[in-house]
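Residue numbers (numbering that gives the first Met the number 0), protein chains in the order written: chain A, 0 to 238; chain B, 0 to 305.
Treat the hints with care, as some may be off.
[What the hints assert, rightly or not] Some, not all, of what chain B presents toward chain A, calculated at C-beta under 10 Å:
1) His99
2) Thr111
3) Gly121
4) Arg123
5) Leu126
6) Gln132
7) Ala133
8) Glu157
9) Leu202
10) Ala204
11) Asp208
12) Asp247
13) Thr249
14) Ala251
These are calculated hints, taken from the structure and not from any lab test. For glycine and all other residues, C-beta sits at the position ideal for the given N, C-alpha and C.
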Amino acid sequence: MTDATRPALLLVDDDAAITDGLGAFLERSGYAVRVASDGRQALTAVAEQRPDLVVCDIVMPHVDGREFVRRVRAGGDWVPIILLTQLGEPYERSAALDEGADDYLGKPFDPQELLSRIRAVLRRSVPGQRPLAASDRLQAGELVLDRTARRVHLDGRELVLTPKATTLLDYLMTHPDEVLPRERLLAALWGFEFATSTRAVDHRIAELRRVLGDDSSDPRYIETVQSIGYRFRGPVSVG
Amino acid sequence: MRRLVLVWAGVTLPAAAGVVTALVLALAGVRTQLEVAVGLPGLVAAGGILLSLAALWAVVITRARTRRERELASARDAAVTEGRELERAAHRRFLARLDHELKNPVTAIRATIAADSDPQAGPRGALAVIDAQATRLATLVGELRKLAELETRPLDLEIVDLEHLVADSIEGLAALPDARARVTLTVTRVPWPVPPLNADPDLLAVAVDNVLANALKFGDGPVEVRVREDDGWAVVEVADAGRGIPADDTDAVFDELARARNARDVGGSGIGLSLVRTVLRRHGGEVELRSREGEGTVITLRLPAT
Numbered sequence: 000m001t002d003a004t005r006p007a008l009l010l011v012d013d014d015a016a017i018t019d020g021l022g023a024f025l026e027r028s029g030y031a032v033r034v035a036s037d038g039r040q041a042l043t044a045v046a047e048q049r050p051d052l053v054v055c056d057i058v059m060p061h062v063d064g065r066e067f068v069r070r071v072r073a074g075g076d077w078v079p080i081i082l083l084t085q086l087g088e089p090y091e092r093s094a095a096l097d098e099g100a101d102d103y104l105g106k107p108f109d110p111q112e113l114l115s116r117i118r119a120v121l122r123r124s125v126p127g128q129r130p131l132a133a134s135d136r137l138q139a140g141e142l143v144l145d146r147t148a149r150r151v152h153l154d155g156r157e158l159v160l161t162p163k164a165t166t167l168l169d170y171l172m173t174h175p176d177e178v179l180p181r182e183r184l185l186a187a188l189w190g191f192e193f194a195t196s197t198r199a200v201d202h203r204i205a206e207l208r209r210v211l212g213d214d215s216s217d218p219r220y221i222e223t224v225q226s227i228g229y230r231f232r233g234p235v236s237v238g
Numbered sequence: 000m001r002r003l004v005l006v007w008a009g010v011t012l013p014a015a016a017g018v019v020t021a022l023v024l025a026l027a028g029v030r031t032q033l034e035v036a037v038g039l040p041g042l043v044a045a046g047g048i049l050l051s052l053a054a055l056w057a058v059v060i061t062r063a064r065t066r067r068e069r070e071l072a073s074a075r076d077a078a079v080t081e082g083r084e085l086e087r088a089a090h091r092r093f094l095a096r097l098d099h100e101l102k103n104p105v106t107a108i109r110a111t112i113a114a115d116s117d118p119q120a121g122p123r124g125a126l127a128v129i130d131a132q133a134t135r136l137a138t139l140v141g142e143l144r145k146l147a148e149l150e151t152r153p154l155d156l157e158i159v160d161l162e163h164l165v166a167d168s169i170e171g172l173a174a175l176p177d178a179r180a181r182v183t184l185t186v187t188r189v190p191w192p193v194p195p196l197n198a199d200p201d202l203l204a205v206a207v208d209n210v211l212a213n214a215l216k217f218g219d220g221p222v223e224v225r226v227r228e229d230d231g232w233a234v235v236e237v238a239d240a241g242r243g244i245p246a247d248d249t250d251a252v253f254d255e256l257a258r259a260r261n262a263r264d265v266g267g268s269g270i271g272l273s274l275v276r277t278v279l280r281r282h283g284g285e286v287e288l289r290s291r292e293g294e295g296t297v298i299t300l301r302l303p304a305t
């Protein structure tokens, strides 16, 4: 592949051991990779040549990952950004703090997992449009999620959900058409990977299906992916 | 300090005034004699009253002293509790830092291995071992951190039916038919059913799952799970006929990373029981352990009703 056909990635991390290894891995996986060692350098790099996607660490000197996202978005740029978190924060808190990242991946991660996140984000991002993860309202068919007020409406009728189920629906709707393993949902939403089972996830999915009136054998919204997890049926649009 | 001065003034002034007046009278040559006659009933009454006043005085002094001691003791207790909380908070911060500092090197190790491996098949041979062990290291520290965070993170409380939760946990074993066949559940409902709880069902399920998994993995005999009400508390007992815990290890097994001497051949991180205890304490409950080496173990989870 030539550089012209390879998606251009900007990899931002202050740890050279990470950018060296990860950069080489992403190059081998078919991406053209540029590296920046902090948020300030990354802002310059984006201004010089806009990448197709940015993979960015959070804790960095000068301009950190959160500030980088804020400044890029403040300039009206919706370039897809995946943040590498290491604070062990649950999704809800990260999403509230970052105002506009497309996805999050906790360190340390399986590099293959980063690859599948990059592909998913590139697939669902619409050039020039605000990502689902940075939108106040999401819509899938008759289902509307007001993310700021944490309210859910179906066919114009308000649904009553537990806070956890609302957060789960939020995660599903911001990751449409992606296979979401139970373990990933558990780690992202509950913040405990030490659970000996992932029943907690199944319970909340059951609650969502019950309230949404979704039939698990013929689902309109939440599909079961045999022995792996779940998938939210898109398309999801910015409401 | 000011109070003490006032008390001393109150005590010494009358005596000083008396002595000074007497001296003045003596120097002035006053030789007047006073003879006071007091009736026996009056004397007895006055003596009684004086004795009562002395006793009253003694009581007041003792009570004041007891109160001071009690105040001191409770201040001491508060300081100890506060000290312990500060220590736990420092421990949590340390684990967060350690976890944070470990994540970058492990990310770098995994990325470097991936860059040197086949993109489709992933790492093989020695690289696969390094990859897995680096991940294991980070997972362990990550779990310790999560465990410490559990002490302060907010609970998602809702009304929980404990009987349902425990039955669910046992049904979760369906994928392991041999294990499932060893477990029996008994629920006591008469005359007092198990009260509903105000609890975080997901965390409580993690605790029950852990206790159940322990009972199953340290033996191959029957496991009895008993759910009952006890004086307003909801109680879950998980009893096994497994290998038991050596007597001098029973306190330590609740500590982070601690494992009993006779548990080293069975896989585990040593986090399970400390996790169970943390979850129970967060719910105002407690976990108790009775065990005899070579006979078995009973773990009792006690939770206050709503």
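Exercise for the section: Under 10 Å, Cβ to Cβ, is where Thr111 of chain B needs to be relative to chain A, so tell me if that hint holds or is violated. Expected result: Holds. Min distance 4 Å.
Handout entry: Proposed interface contact between His99 of chain B and chain A, which counts if any beta carbon pair is under 10 Å
Key = holds (6 Å)
Exercise for the section: Could you check if Thr249 of chain B really has its C-beta closer than 10 Å to a C-beta on chain A? Expected result: Nearest chain A Cβ about 22 Å off; hint violated.
Exercise for the section: Answer holds if the nearest beta-carbon of chain A is closer than 10 Å to that of Gly121 of chain B; otherwise answer violated. Expected result: Gly121 of chain B check passes; min Cβ-Cβ to chain A is 7 Å, inside 10 Å.
Problem - Hint check: 10 Å Cβ-Cβ cutoff, Asp208 of chain B to chain A - result: holds (4 Å)
Practice task
Return the status of the interface hint for Ala204 of chain B: holds when the least beta-carbon distance to chain A is below 10 Å, violated otherwise.
Solution key: holds (6 Å)
Practice task
Have a go at the Leu126 of chain B hint: is there a Cβ in chain A nearer than 10 Å to its own Cβ?
Solution key: violated (12 Å)
Handout entry: Residue hint Gln132 of chain B, partner chain A, criterion CB-CB below 10 Å
Key = For Gln132 of chain B, the interface hint is violated, since the closest Cβ of chain A sits about 12 Å away, which is over 10 Å.
Practice task
Under 10 Å, Cβ to Cβ, is where Ala133 of chain B needs to be relative to chain A, so tell me if that hint holds or is violated.
Solution key: holds (8 Å)
Practice task
Under 10 Å, Cβ to Cβ, is where Arg123 of chain B needs to be relative to chain A, so tell me if that hint holds or is violated.
Solution key: violated (14 Å)
Exercise for the section: Please verify that hint: Glu157 of chain B, Cβ, nearest Cβ of chain A, below 10 Å or not. Expected result: Hint on Glu157 of chain B: holds, closest Cβ of chain A at ~7 Å, below 10 Å.
Exercise for the section: Please verify that hint: Ala251 of chain B, Cβ, nearest Cβ of chain A, below 10 Å or not. Expected result: violated (20 Å)
Hint compliance for this structure: hints 4, 5, 6, 12, 13, 14 are not met, and every other hint is.
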